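A.B. asks: Same order as they appear, the protein sequences are chains A and B. First residue of the first sequence: 1, per the numbering used here; consecutive thereafter. First residue of the second sequence: 1, per the numbering used here; consecutive thereafter.
Quick caveat, the hints were computed from the structure, so don't treat them as lab data. One thing to keep in mind: the hints can contain errors.
Computed spacing ranges between beta-carbons, pair by pair [stated by the list, open to error]:
1. A/210 x B/165: 20 to 30 Å
2. A/281 x B/30: 57 to 67 Å
3. B/250 x A/209: 27 to 37 Å
4. B/295 x A/152: 53 to 63 Å
5. B/250 x A/186: 22 to 32 Å
6. A/53 x B/85: 44 to 54 Å
These stretches of chain A come out as covered by chain B in the derived footprint (C-beta under 8 Å, 3 or more residues) [said to hold, decoys possible]:
7. 39 to 53
8. 179 to 192
9. 197 to 203
10. 225 to 237
Please read all numbers here as calculations on a predicted model, not as lab measurements. Ideal placement from N, C-alpha and C gives every residue a C-beta, glycine not left out.
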Amino acid sequence: MSKRGFDMRLALASLLLWACSPLWAQTIGVSIPAATHGWAGGLNYHADETRQRLEEQYPGLSIIIVTAEDATEQANDLEDLVAVRGIDALVILPFESTALTGPVRNVKRQGVFVTVVDRGLAEPGIDDVYVAGDNRGMGRVSGEYFRQRLPGGGDIVVLRGIPTVIDEQRFNGFMEAIDGSGINVLDHQYANWNRDDGFTVMQDFLSRFSSIDGVWAQDDDIAIGVIQAVRQARREDEMFIVGGGGMKDIVRRVMDGDSLTPVDVLYPPAMISTAMELTALRFTAGIPIQGEFLLESPLITEENAEQYYFPDSPF
Amino acid sequence: MERHLKSAGPFIALLALVLAGALINDAFLSAGNLVNILARSSFIGIIAIGATFVISGGGIDLSVGAMAAFISGCMILLMNFLLGFTDSVPLIITGALLASLGIGAAAGLINGLLTTKARIEAFIVTLGTMGIYRSLVTWLADGGALTLNFTVGDLYSEVYYGRLLGLPYPVWIFLATATSGYVLLNHTVFGRHCLAVGSNDKVARYSAINVDRVRTTTFVLQGICVSIATIIYVPRLGSASGQTGILWELEAIAAVIIGGTMLRGGHGRIWGTVAGALILTLIGNILNLTDAVSNYLNGAVQGIIVIVAVLLQRGVWSSRP
């Protein structure tokens with residue numbers, strides 16, 4: 001083989017290589033809570049689906065999803081993502097705002113583009129993009145529905161989640177919205193965002209209160225347990241139940257016009273997709289996207305339920 | 001006399017809680033509430049009866065909560081799958097019940113053999129299987145929840161909500177399991193061997209007792225009890241997820257200890273365990289029926305009552321250490 005022929009082939013090969021690997025080859029790390037409950041299951045589903053779609057659309061983009069069981073594990077994940085995987089951008093849904101602020105700041109110092117989802121960090125100026133879920137607004141929208149549904153006031157019970165900042169913000173938003181409406185909260189108890197606890201707590205509320213006009217369950221997993229307890233007591237015609245999140249089983253009921261669950265309030269696990277898409281745009285389109293994006297929690301009603309119904313999602 | 005008073009400890013605590021409940025809220029003594037408490041305590045109660053055998057035989061099983069979640073998931077998947085082959089719902093449910101008992105016994109056998117044949121501490125073996133079953137059910141459910149098909153769920157829900165002579169089926173199943181457990185532990189050769197092994201396994205071995213077989217059998221019994229609890233759990237909500245049965249292992253162990261069984265083995269009280277399970281359920285129920293205690297302190301109240309209940313059956317009645 002002549003030297004000249006070899007050179008030609010080498011040049012061709014490098015040309016091919018260059019064409020196949022776009023200049024913007026980038027890695028995005030995504031750090032989210034593990035799928036230990038319904039909402040987080042939905043979060044994982046949407047994250048994985050978005051990863052597949054983005055990687056197909058932009059061959060130079062590689063996305064790594066890591067899941068953690070708690071804040072400490074998540075902090076370890078961040079170190080690995082930077083040191084071992086050499087990420088260019090981080091999309092993170094922090095377990096706890098305060099605990100993760102330091103670790104994310106360290107990531108930022110390495111020159112990584114940072115997108116924070118849902119819960120904000122305790123210190124401003126670290127994140128480049130913040131896709132915020134509105135927990136207070138979620139409670140407020142629920143409260144406003146109760147106001148409108150019970151114009152003359154009424155007696156309701158509230159089932160809360162796990163004692164955390166999220167639960168506190170939702171609860172306060174709700175209480176502010178019903179303030180002065182004549183709606184009386186008979187009692188509120190923690191049901192830990194869990195179906196079994198929702199069932200048990202609601203059974204006890206039903207034994208204790210002979211008349212209940214409405215139930216704010218705050219979460220769709222809790223709502224599933226509440227529905228069963230109300231059915232068992234055969235008091236379906238007495239009250240209505242409002243959950244939250246946008247679980248497909250509950251959205252389906254709303255869509256079918258079930259009078260026990262007339263509405264649901266969205267708190268979309270798909271917010272992780274919004275954040276991943278925005279972050280990818282930063283690298284693929286090079287357009288300015290810095291800033292804060294607030295995702296609202298709209299009321300899901302019989303009329304609009306179809307657009308929030310994802311039959312393939314586990315949540 | 002002193003011994004009788006000591007074994008009465010958990011029942012005295014139970015009685016005191018019932019009185020407290022009655023004073024706190026009139027609704028407490030309503031038939032509906034009492035039936036709810038009995039039916040609710042049957043899950044932990046049945047699992048705790050199995051745990052009484054394991055613990056009095058000198059072992060411990062931390063995997064029961066995760067095992068319950070895993071078996072629930074398998075039952076739901078199997079029933080949904082079988083619906084594609086036959087329309088006979090009773091046949092589908094029977095198939096799921098048999099599968100449940102089979103998986104429970106097999107899971108117990110694995111725990112038992114790893115403990116006795118592989119000579120790994122029961123604590124570590126069951127800590128490992130706990131993680132395995134918990135992840136498996138989360139994986140089966142894709143991180144979400146497995147939901148039983150409505151056609152099957154409708155008929156099967158009768159097992160939890162249906163009643164015989166005014167009491168729900170779970171209460172009868174709880175009672176039957178407790179009675180069988182009592183006879184097995186106190187009136188059979190196996191029961192005596194179980195206590196002997198738990199009390200001192202070297203002495204038991206010299207007495208020609210097959211220690212490994214006895215220990216393994218206690219784990220199999222535990223697995224079967226978990227399966228029975230699952231059979232009445234699944235029809236309640238018709239779903240299972242990674243959250244199902246969280247911390248049930250601790251509640252079951254607590255029920256056993258409150259009931260007067262020693263954590264170090266060699267000593268078992270089935271009816272005490274039943275009282276222990278009822279006490280644990282009652283605490284939660286009473287807290288839900290009152291505003292007197294801040295929500296944030298529920299856990300503290302539970303902790304105090306559990307410790308007082310154990311004090312009642314240990315220290316207070318006896319001057320001995």
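A.B. asks: Work down the list of hints and note, for each, if the structure agrees.
C.D. replies: Hint-by-hint comparison with the structure:
1. Restraint check, residue 210 of chain A to residue 165 of chain B: a C-beta distance of roughly 27 Å satisfies the suggested window 20 to 30 Å.
2. For residue 281 of chain A paired with residue 30 of chain B, a C-beta distance near 60 Å keeps the hint of 57 to 67 Å intact.
3. Checking the proposed 27 to 37 Å range against residue 250 of chain B and residue 209 of chain A shows it holds: the Cβ atoms sit about 31 Å from each other.
4. Hint check: residue 295 of chain B to residue 152 of chain A, Cβ distance near 28 Å, so the stated range 53 to 63 Å is violated.
5. Between residue 250 of chain B and residue 186 of chain A the beta carbons are some 31 Å apart, a value that agrees with the proposed interval 22 to 32 Å.
6. A hinted range of 44 to 54 Å for the beta carbons of residue 53 of chain A and residue 85 of chain B is inconsistent with their spacing of about 36 Å.
7. Counting residues of the region 39 to 53 of chain A whose C-beta lies closer than 8 Å to any C-beta of chain B gives 5; at least three are required, and the coverage claim holds.
8. Against chain B, the region 179 to 192 of chain A contributes 4 residues with a C-beta closer than 8 Å to a partner C-beta. That satisfies the three-residue criterion, and the hint holds.
9. For a cut-off of 8 Å, the count of residues in the region 197 to 203 of chain A with a CB near a CB of chain B stands at 4, and the three-residue condition holds.
10. Given a C-beta distance limit of less than 8 Å, the hint that chain B covers the region 225 to 237 of chain A holds, as 4 residues qualify and 3 suffice.
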